[in-house]
Amino acid sequence: METNYKNAFIQLINFLETFEKEKGMNYYLVGGILTSIYSDARSTTDIDFVVDLFSVNLTIANYISLLQQNEFFPFQDWTTTIDLAEKTKMIQFLDKQERIKLDNYIIDKDNKSKYKRIGPIALERRVRIKFADIECWAASKEDFILSKLVFGGWQDYSDALACWIRFNDILDVRYLEKFSKELGIQKEFKLLKSGIDDPDDYFKQINGY
Amino acid sequence: MELMNKTPIRDRVNIFFELCDFGINSYIKTEKERFPNKSIKEIILEMHKFHDKMRTLGRKKDGNKL
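Chains F and E, in that order, give the protein sequences. This note's numbering puts the first sequence at residues 1 to 209. This note's numbering puts the second sequence at residues 1001 to 1066.
The shape of chain F in the complex, shown without the other chains:
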């Protein structure tokens, strides 16, 4: 069987590691790719990661031209990708096999929404992991949980809950309490802690119906 996903992962990490060493641009992996090591392994078709572009004074357009030079491909065309990225601070593109989607979130320190505030918070505590024998940066387990609760979808809750159950003995609960308060997701964290294992019950309580 073709190993599309692993090839895309290797291409991406080679690019990000080189870029961090040469330009000092920090990055970390988030989302579904971390489920095998933090949660309950599930299938995914993309790789989510966060980059701190603006701290190295790089524009979105310049960064995208680097993606082009490194054999990444656009969904439609690079001009549309730049336009969308300027608005959303997110870049979506494909690996060189044009199979795997790469969801590139850009840290936006000026945006005060919880969806953007989690970016710099998780960057502060990013951890070095070995994934498929390749060293790379990833969000910590605690920040994996926090970001899942911030987004708050069905799959997010299942991922967060599996991480909570699996690593309950080593998670930094004080940190989780502090930042769930800061991000306005205390109710979500309280429900997770209470051990609600049915996402239906969780959403009934979150949405109040």
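Don't read these hints as lab results, they were simulated from the structure. Quick reminder that beta carbons are idealized off the backbone N, C-alpha and C, glycines included. Everything hinted at is true.
Here are the computed distance ranges between Cβ atoms for each label pair:
1. D201/F x K1032/E: 34 to 42 Å
2. Y175/F x F1035/E: 43 to 51 Å
3. I1040/E x S113/F: 32 to 40 Å
4. K96/F x N1037/E: 23 to 31 Å
5. K1049/E x K181/F: 29 to 37 Å
6. R1010/E x E22/F: 27 to 35 Å
7. D77/F x I1040/E: 17 to 25 Å
8. M1004/E x P120/F: 29 to 37 Å
9. K96/F x K1032/E: 19 to 27 Å
Since the structure of chain F is already known, use the hints to place chain E on it.
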């Protein structure tokens, strides 16, 4: 969960890669059988749209993208 914790990280990651590739390859195969005229590229782009839709189920309005 206990079994998962006993499985070495390297094996877990390999299982994850196989799971993802199996999912992607079988999605493409199924759609190609259903719609023989569609190009692989079209199928892949639709697969990503579908995957995004499924993973954002239940998310509040602004949480669809980071």
